[in-house]
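Taken in sequence, the protein lines are chains A and B. Using numbering that gives the first Met the number 0, you'd call the opening residue of the first sequence number 0 and step up by one each time. Using numbering that gives the first Met the number 0, you'd call the opening residue of the second sequence number 0 and step up by one each time.
What the hints contain is simulated information worked out from the structure, not anything from laboratory work. Cβ coordinates follow ideal geometry from the N, Cα and C atoms, glycine included. Among the hints, a few may not be true.
Unchecked claim - If you anchor each label on the Cβ, the simulated ranges turn out as follows:
{"hint": "1", "chain 1": "B", "residue 1": "Met200", "chain 2": "A", "residue 2": "Leu349", "range": "52 to 60 Å"}
{"hint": "2", "chain 1": "A", "residue 1": "Gly44", "chain 2": "B", "residue 2": "Lys175", "range": "25 to 33 Å"}
{"hint": "3", "chain 1": "A", "residue 1": "Gly395", "chain 2": "B", "residue 2": "Lys204", "range": "44 to 52 Å"}
{"hint": "4", "chain 1": "A", "residue 1": "Val445", "chain 2": "B", "residue 2": "His86", "range": "51 to 59 Å"}
{"hint": "5", "chain 1": "B", "residue 1": "Glu115", "chain 2": "A", "residue 2": "Lys392", "range": "32 to 40 Å"}
{"hint": "6", "chain 1": "A", "residue 1": "Lys242", "chain 2": "B", "residue 2": "Ala194", "range": "34 to 42 Å"}
{"hint": "7", "chain 1": "B", "residue 1": "Lys317", "chain 2": "A", "residue 2": "Arg239", "range": "57 to 65 Å"}
There are 2 protein chains.
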Amino acid sequence: MIIDEILRPTNHSTVPETINKFIKISFKIHNGFKLLKVYGKVEDGAKAEIMGWVLSIREQKTVSFVIIVDNRKQVQLVINNTKLLKHIRQNSVIGASGTLKKTSKAPGGFEIHVNEVRVISKVKKDPPFNIMTKDLPSIDLRLDNRALDLRRPYNLDLFTIRAALIRSIREYLYSKGFLEVNTPKIIASASEGGAALFPLMYYDKQAFLAQSPQLYKEELTMPFERVFEIGPIFRAEPSRTLKHLSESVSLDVEAAFFTNDDLMNLIDGLVRNSLSDIWKSSSDLLVRIKAPKLGLPERLSRFTYGQIIDWLGKNDRKINFGDDLGQKDLELFGSHVNDFYFITEWPIKLKPFYIQPKDNEVTFSFDLMYRELELSSGGERVHDPSILRKNLKAAGLPVKSFRHHLIPYYYGMPPHGGFGMGVERLLMTITGADNIREVSLYPRDVRRLSP
Amino acid sequence: MIIDEILRPTNHSTVPETINKFIKISFKIHNGFKLLKVYGKVEDGAKAEIMGWVLSIREQKTVSFVIIVDNRKQVQLVINNTKLLKHIRQNSVIGASGTLKKTSKAPGGFEIHVNEVRVISKVKKDPPFNIMTKDLPSIDLRLDNRALDLRRPYNLDLFTIRAALIRSIREYLYSKGFLEVNTPKIIASASEGGAALFPLMYYDKQAFLAQSPQLYKEELTMPFERVFEIGPIFRAEPSRTLKHLSESVSLDVEAAFFTNDDLMNLIDGLVRNSLSDIWKSSSDLLVRIKAPKLGLPERLSRFTYGQIIDWLGKNDRKINFGDDLGQKDLELFGSHVNDFYFITEWPIKLKPFYIQPKDNEVTFSFDLMYRELELSSGGERVHDPSILRKNLKAAGLPVKSFRHHLIPYYYGMPPHGGFGMGVERLLMTITGADNIREVSLYPRDVRRLSP
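Based on the sequences and whatever the hints tell you, model everything.
Given below as structure tokens:
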């Protein structure tokens, strides 16, 4: 509940109201679109009602302060009647009515001096940790009690920022003519080879969970030219690190006629625009969770894979051309750049069958990095079906499984390119979170399937 | 490509350009954000370049008209040189340059008189059907060649409308204070009993694909109050009808403190707003695909289950209280209402364990219908954990499997309610499509897993 809303008094006489049958008292909930209700003019002394859950209680000799949370906004209640106070426990859901007072000391710029309190949903057990604690309990204890953990002010802010980020990304892509699509998550064949897939039985057939919308988004450039999807992807990666999940949310973009440079320009604009948007819409939240202020240079740097192994060689880490860059290599180079940057022109042998070669050695490809963390991977794609067939064979993949996918390539597939970007990883970078599990509502890894 | 865009001439001298290496000719693609490029002032005779795929060719004696599609917009090329024309085949991707001419006869209000054509990606096989045919081939043939099928003008329009619809739904929910979330699709226990679930192996554990975000969205009302998600749901329904998919896209909404009436009011506003938005943003597309003009009354009608079985009884269809309404019943009643409407107060025995009873017989629940088609189902939820446990036992469900889900209910779960809405079904209603497979990009059913 923000002061903006309180400054628009509800014309409650015209709103159909429902008696709150949950609490069977004089409180009324109006049509649910605003919970804080102020009667008459918004000014000191106006009558106000509110419902929410108790974040904290600070008792003083003659007066107590209760912070309640109403749709992710904190509102301060002032209570000077100990009889009222004794019903209020941290984590309970309460309704309160009283009079409004403007004050710069309270969150949102006002407080409610309470003369009536009703408990709507009482906390029934002692929670395993205090949501206001400064010493965070272990992440496993918190994830076991995730809904409670999400009540922590940090998490209310973090997932509000997450939604603002996703909204901003969509708006940017709409503005560039991209069509939002949904592709199937149950698929018949692996998009990048058979590794890391969850198999399932689809009626009487073998199927898999999609590890990316790769093949579908490529096909869709044929009718729609520019498409994007934000949805779940699934990777059966039994390794347990701070930056991998078994189920995560991916931004997938694909566009006809886009070159590698076009794609990197698009990402450059997208990241720049997202950061700018969320620091406009949610700066108070970002400050509260101590998000790093990420500066962006005029244009994100681009280094070829070759340049990077040269640099690493000069810094006592010898990499043979064609070998992948390891965690330690990326840490070293990433701390040198200390920013977002692209690694381009990856060797052919490190890339999947659908990536367009630039010459006999390297590809039209890129990874977007923040320091040592890979945020996005993309490039131009092969659009000639005979080359795709050849590449599938060379990669040891069964061409027959890709039969359906290859069909459209014979009917005028445009040259195209695209990228996938990990939403959780981008959010880690933006918020400074050090464990990817913190930025997923219900993370999934090799050990965790519940809640 | 719309005339708006052509009327904003590209200041191409300041845009970094990339030689189009795919076609290795004098065509240039600029940074990919606009494909139609007009040099200098936009006026008759201005030089123009365009890339896209060939929708249709109409040859006349001295001049031919080629419609090409550029980012889902049709542009007419005029060609009076038979040498140029002979390279052009339907479904190929071409580039063309020439001079601009304004004319009300062409789509978008202009045409390009072509003096140079290059083939970018040539159609390599005769397609199994003509995308401009008036006699549609069977849906199975079309789905087997879905990317080609999606090139049909009808589908370009339909999936553009779909994206506009989803965008409008999100904007409406943002405006009502709802937070967009993503919940896991791999889950440990069934949300509504064990039926109709796809099982999978999650590393060494048994898991399922989520048939709805039900339990997660309920939990999330505790920290966030109002949440929504638009994402995939999975139902192992082997029956093959015109309105069921095994994987579909669901809008899921859940809100603390919302009563049944609040929820129906929210849906009423959401449907009204969506229809109004898409008829504003996409009326030309809706007219082209012959979408029905759905009128909406001042307020959507609400009928109780009891009223409906009474009405059916008077119309020679006897239903015993507690029996579900069948297809024939809904067709009869639906044709009587002939509009959107709600069926409320369903019997307890027809509803899952988490639905709030109103009395000993019926629940605070509703279905949103359009004629005989169920679009949405929702209601108030039980928020008392001891009642939930009792209901689980009564439904014969293993309480132990819901152990993690029940945890938050002890820590002050607010009263809440919500609904799920089938995006494909809403789109069927809006567009008048008679088979749900038409409105899913890559439909999944008991017989179809590819492409």
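Taking the hints in turn, this is what the structure says about them:
One distance hint, 52 to 60 Å for the beta-carbon pair Met200/B and Leu349/A, is violated here, with the actual separation near 30 Å. Taking 25 to 33 Å as the suggested C-beta distance range, the pair Gly44/A and Lys175/B conforms, at roughly 29 Å. In this structure, Gly395/A and Lys204/B break the distance hint of 44 to 52 Å, their C-beta atoms being roughly 30 Å apart. About 55 Å separates the C-beta atoms of Val445/A and His86/B, a value consistent with the hinted range of 51 to 59 Å.
Checked against the hint of 32 to 40 Å, the pair Glu115/B and Lys392/A passes, with Cβ atoms roughly 38 Å apart. Between Lys242/A and Ala194/B the Cβ separation comes to about 37 Å, which falls inside the hinted range of 34 to 42 Å. Between Lys317/B and Arg239/A the C-beta distance comes to about 60 Å, which sits within the given range of 57 to 65 Å.
When the structure is compared with the earlier hints, violations turn up for hints 1 and 3 and for no others.
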